[in-house]
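*Asks:* Sequence:
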Amino acid sequence: MDKIWYLKKINIFAGLTDDEMDYIDRVSVMKHYSKKEPIFLSRDPGDRVYLLKKGKVKIARLSVEGKELILAVLHSGEIFGEAALFDANSRENMAETLEDAFICEINKRDFEVLLAKKPELVLRLTKLIGFRRRQLEMKIEDLIFKNVKARLARLLLNLSRTYGIKKPSGILINIKLTHSEIANLIGASRETTTIYLNHFKQDGLIDFQKRKIILLASDKLQKKVDVGE
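Heads up: the sequence shown is residues 1 to 229, going by my numbering.
I should point out that these hints are in silico values taken from the structure, not numbers from a laboratory.
None of these values were measured; they are calculated from a predicted model.
A few of these clues could be false.
[Unchecked claim] With a straight-line Cα cutoff of 20 Å, these simulated EDC-like cross-link-like pairs (lysine to aspartate or glutamate) come out: (1) LYS118 x ASP219; (2) LYS212 x ASP100; (3) LYS117 x ASP19; (4) LYS167 x ASP219; (5) LYS212 x GLU99; (6) LYS166 x ASP207.
Work out the full structure: start from the sequences and follow the hints.
*Replies:* Next up, the structure:
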């Protein structure tokens, strides 16, 4: 499978020469993962960087009791596992596919060769890590200070910005997530999440379409985030 055309679509690789892209093509391996297949687990060695060609992947953390908190849902064109480039410790989180996926894997040492030649690539990765850390801090802040309804409203708004498609009736979130996955994204039980999703529907804020959610009143959802209720 030719990877060059795909690798050029990765934002952090913008501006790389053809020789540098050829190098990435040579040292990377494209693998197929089935739905719900682990990519790496907590405490695994951080020896690879991953580029998501097709599919969706969740990054999550498990408690000692086995309770899952989803930190992020990634889609095609995103890089993950990048923290391993700047940290010698083992993985803190786990990564698992939400659907069948093709993932490009690059050995950490091979990626470091490229970083040594391209300081601007280091800067882009540093900015990405900083952005994701801020997202994590916001999630922690929500868990501490906001109730489930507000956390759910923020999640729907964030998903609409990433996966949203404008429709006559509103914004379609073009990703299928189960109620359990949504619950794990906001740190709530599935039952409570289902109750509030139904409340949002009854209040005319959202609607459902073939296991996908349509936002009908984004401004009212934002108000729930702002007031925390």
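*Asks:* If a hint holds in the structure, say so; if it doesn't, say that too.
*Replies:* Tested hints:
1. LYS118 x ASP219: violated, 43 Å
2. LYS212 x ASP100: holds, 18 Å
3. LYS117 x ASP19: holds, 12 Å
4. LYS167 x ASP219: holds, 16 Å
5. LYS212 x GLU99: OK: LYS212 and GLU99 at ~15 Å, within 20 Å.
6. LYS166 x ASP207: Satisfied, since the Cα-Cα distance of roughly 14 Å is no more than 20 Å.
Hint 1 from the list above is the single one not met by this structure.
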